[in-house]
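Residue numbers (UniProt numbering), protein chains in the order written: chain E, 1 to 344; chain U, 1 to 308.
Where hints are given, some of them may not hold.
To be verified - Label-pair restraints from in silico Cβ distances:
#1 U/Tyr298 x E/Asp190: 36 to 44 angstroms
#2 E/Asp232 x U/Ser203: 23 to 31 angstroms
#3 U/Tyr153 x E/Arg32: 49 to 57 angstroms
#4 U/Leu297 x E/Gly175: 27 to 35 angstroms
#5 E/Arg298 x U/Phe145: 57 to 65 angstroms
#6 U/Leu293 x E/Gly175: 31 to 39 angstroms
#7 U/Gly2 x E/Thr167: 13 to 21 angstroms
#8 U/Leu293 x E/His171: 20 to 28 angstroms
#9 E/His171 x U/Phe138: 39 to 47 angstroms
It is worth saying that the hints were derived from the structure and are not from the lab.
Note that the Cβ used here is the ideal one computed from N, Cα and C, for glycine as well.
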Amino acid sequence: MSEVVITDPEFSTTGRPSGRLLEVEDLHVEFRTREGIAKAINGVSFHVDAGETLAVLGESGSGKSVTAQTIMGILDQPPGFVSGGEIRFHGKDMLKMSEEGRRKIRGHGIAMVFQDALSALNPVFTVGFQIGEQFRIRKGLSRGDAKKRAIELLDQVKIPNAKQRVTEFPHQFSGGMRQRVMIAMSLALDPEVLIADEPTTALDVTVQAQIMDLLADLQRERQMGLILITHDLGVVADVADRIAVMYAGRIVEEANVHDLYARPAHPYTVGLLNSIPRIDEKGQELRTIKGLPPNLMRIPPGCPFHPRCPKAQPVCVEKVPPLRVVAPARGSACHFAEEVLRGE
Amino acid sequence: MGRYIVRRLLQLVPVFIGTTFLIYWLVWSVPGDPFAGKCGDRPCPDNYIQVMTEKFNLDQPLYVQYFTYMQNLLQGDFGETFGGRSINDLIAAAYPNTIKLAFVALAVEALIGLTAGVLTGLRRNGFLDNLVLVSTLFLIALPTFVTGFFLQYLFGVQWGIIKPTVSNPPSFTELLIPGFVLGSVSMAYVARLARTSIAENRSADYVRTAIAKGLPMRRVVGVHLLRNSLIPVITYLGTDLGALMGGAIVTEGIFGINGIGREVYRAIVTKEGATVVSIVVILVLVYLVMNLLVDMLYALLDPRIRYE
Ligand SMILES: Nc1ncnc2c1ncn2[C@@H]1O[C@H](COP(=O)(O)OP(=O)(O)OP(=O)(O)O)[C@@H](O)[C@H]1O
Ligand code: SF4
Ligand SMILES: [Mg+2]
Numbered sequence: 001m002s003e004v005v006i007t008d009p010e011f012s013t014t015g016r017p018s019g020r021l022l023e024v025e026d027l028h029v030e031f032r033t034r035e036g037i038a039k040a041i042n043g044v045s046f047h048v049d050a051g052e053t054l055a056v057l058g059e060s061g062s063g064k065s066v067t068a069q070t071i072m073g074i075l076d077q078p079p080g081f082v083s084g085g086e087i088r089f090h091g092k093d094m095l096k097m098s099e100e101g102r103r104k105i106r107g108h109g110i111a112m113v114f115q116d117a118l119s120a121l122n123p124v125f126t127v128g129f130q131i132g133e134q135f136r137i138r139k140g141l142s143r144g145d146a147k148k149r150a151i152e153l154l155d156q157v158k159i160p161n162a163k164q165r166v167t168e169f170p171h172q173f174s175g176g177m178r179q180r181v182m183i184a185m186s187l188a189l190d191p192e193v194l195i196a197d198e199p200t201t202a203l204d205v206t207v208q209a210q211i212m213d214l215l216a217d218l219q220r221e222r223q224m225g226l227i228l229i230t231h232d233l234g235v236v237a238d239v240a241d242r243i244a245v246m247y248a249g250r251i252v253e254e255a256n257v258h259d260l261y262a263r264p265a266h267p268y269t270v271g272l273l274n275s276i277p278r279i280d281e282k283g284q285e286l287r288t289i290k291g292l293p294p295n296l297m298r299i300p301p302g303c304p305f306h307p308r309c310p311k312a313q314p315v316c317v318e319k320v321p322p323l324r325v326v327a328p329a330r331g332s333a334c335h336f337a338e339e340v341l342r343g344e
Numbered sequence: 001m002g003r004y005i006v007r008r009l010l011q012l013v014p015v016f017i018g019t020t021f022l023i024y025w026l027v028w029s030v031p032g033d034p035f036a037g038k039c040g041d042r043p044c045p046d047n048y049i050q051v052m053t054e055k056f057n058l059d060q061p062l063y064v065q066y067f068t069y070m071q072n073l074l075q076g077d078f079g080e081t082f083g084g085r086s087i088n089d090l091i092a093a094a095y096p097n098t099i100k101l102a103f104v105a106l107a108v109e110a111l112i113g114l115t116a117g118v119l120t121g122l123r124r125n126g127f128l129d130n131l132v133l134v135s136t137l138f139l140i141a142l143p144t145f146v147t148g149f150f151l152q153y154l155f156g157v158q159w160g161i162i163k164p165t166v167s168n169p170p171s172f173t174e175l176l177i178p179g180f181v182l183g184s185v186s187m188a189y190v191a192r193l194a195r196t197s198i199a200e201n202r203s204a205d206y207v208r209t210a211i212a213k214g215l216p217m218r219r220v221v222g223v224h225l226l227r228n229s230l231i232p233v234i235t236y237l238g239t240d241l242g243a244l245m246g247g248a249i250v251t252e253g254i255f256g257i258n259g260i261g262r263e264v265y266r267a268i269v270t271k272e273g274a275t276v277v278s279i280v281v282i283l284v285l286v287y288l289v290m291n292l293l294v295d296m297l298y299a300l301l302d303p304r305i306r307y308e
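So here's chain E without its partners, still in its complex pose (with noise of 0.2 angstroms):
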């Protein structure tokens, strides 16, 4: 735990070492079950920054959630096995780690804000103790203070009298402002990376847009990492610095939000912006991606996106194309990437 690897020399204005915060190496995650291996994760490549904001993007089923479960060590093992590659924290590979070495970074080192808040706290127990209740644990403090730090945190994310309500339960809160609670939860211990999984996914619009300002400004006040977890690429847009696009458990295009948005460099990406709504094409008919994602069971061979790809080659078939530098500081995992940036 002692060991931090610090590969950039540069600091950030926090006092941060600004290098490799968290790198995920060719992960490789599967599900044993009785029907079969399903190929959830295949292969996954990233990395977060301190201070920087990584969108992950992806259909429900390309194994976004599954990357976070096995960055936290959350995953249900089995059916799930990690089949290999490295998770690296601050350099050091926490699939190396024992349960216990992995146990301390959850909370301190990584923290996680999970979809559907109402599920994800305890009904039994009020909000202030389980926020209280890390400081207690693992920090030792008493319950009259835990509860101070519980409510300074709810403050800290916009909860209106927090003084009362503290003693509340979940259940007793909106959908919003229960994923405030979940979000002052994960930020008790003053995570160094964040992992948001689908935060907004189960609010209203305007509440989803509130609760996506208050994670971006916590992000930047605190200088985490934070990787954003979404199936709306519209959500992200404003928040996020980089975003990786994922299919079938792979990384299929990674790129800045901006140069994304304006020439993407795989045909997935351009299908995923085509079912955007915007507001200059107004009146036009939506265009989907044809097919469906495939049944991880059975992979198609190649190149996973060719049954529903529109420039799909004979080569495509027979060949997977790795994920590969297209363009500076972007990657795309399509034979024909140039092709498709430069908008053939």
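Position chain U with the ligands against the provided structure of chain E, taking the given hints into account.
Showing chain U with the ligands alone in chain E's frame:
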């Protein structure tokens, strides 16, 4: 909550009057002469019948009898047996034994049932799990009198570890085997209920959250998982305690425990109407109050439940 309790207590009144009248009516209109067999082989002398009839208003219409009886009851007077013994004394002698037995049975259910349920719920499909599933099925399938006579024979006769019947009043150690017999079926249900509940909650999102917070596993299980999983189990135990307080005719009979179950059985056989009614009235009252307590316990354990 306060208003809820008052309302529930008020609801008890008509239920109490209804059930007790039903019992009174059932008992006193049992076909047969209440004096049959009361005076040995010969029929009872006329003057005895006359005295008793007068004392218990047996010549009055049923509702008058019931009214007089309730009047006495509300003053804490349960009346007398035909033999002239105070029913208050009879209950005071028998009920403590029943309560002791009930708590031993409850302890057996809670300790063994819960432990087995929690361990198997956390680790399903192992050897222990199969052992518990088979043995609980066995206990559920066996009638209590079989378990009772078998254990009495084994421990009391074959091995001579316990006295086959208990002394009066019985000590707690003497009640261990009878308590086990009485609690065995519920113990099996508790084990199964706890197992299912734990296994279900084990994969709940809030457990995953607790792990993601970096809490030690024993706290995740001991605080977050148990607190939720045990809600149905504890309410089951509460309801069962209400039933146990009603006495155990079979278990008390087998081990010769002078409890309320045996008294009511004896009173029924000897057609001691006043005794039967008095005991059953008490049991109804205990059961109703226990039910109310369980509902309140439930609200206490699960904050999502609020009685208005
Ligand atoms: N516990 C599990 N057992 C078996 N398969 C699982 C399990 N958890 C996930 N999977 C499989 O892994 C694949 C990826 O799931 P994941 O939850 O990561 O998708 P996702 O990208 O988060 O989708 P969504 O947008 O719906 O949340 C799915 O096909 C799913 O069936
Ligand atoms: S590799 Fe071929 S099938 Fe895959 S995305 Fe590129 S063009 Fe389409
Ligand atoms: Mg998901």
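Hint check:
| no. | hint | result |
| --- | --- | --- |
| 1 | U/Tyr298 x E/Asp190: 36 to 44 angstroms | holds, 39 angstroms |
| 2 | E/Asp232 x U/Ser203: 23 to 31 angstroms | holds, 27 angstroms |
| 3 | U/Tyr153 x E/Arg32: 49 to 57 angstroms | holds, 51 angstroms |
| 4 | U/Leu297 x E/Gly175: 27 to 35 angstroms | holds, 30 angstroms |
| 5 | E/Arg298 x U/Phe145: 57 to 65 angstroms | holds, 60 angstroms |
| 6 | U/Leu293 x E/Gly175: 31 to 39 angstroms | holds, 35 angstroms |
| 7 | U/Gly2 x E/Thr167: 13 to 21 angstroms | holds, 19 angstroms |
| 8 | U/Leu293 x E/His171: 20 to 28 angstroms | holds, 24 angstroms |
| 9 | E/His171 x U/Phe138: 39 to 47 angstroms | holds, 41 angstroms |
When the structure is compared with the earlier hints, no violation turns up for any of them.
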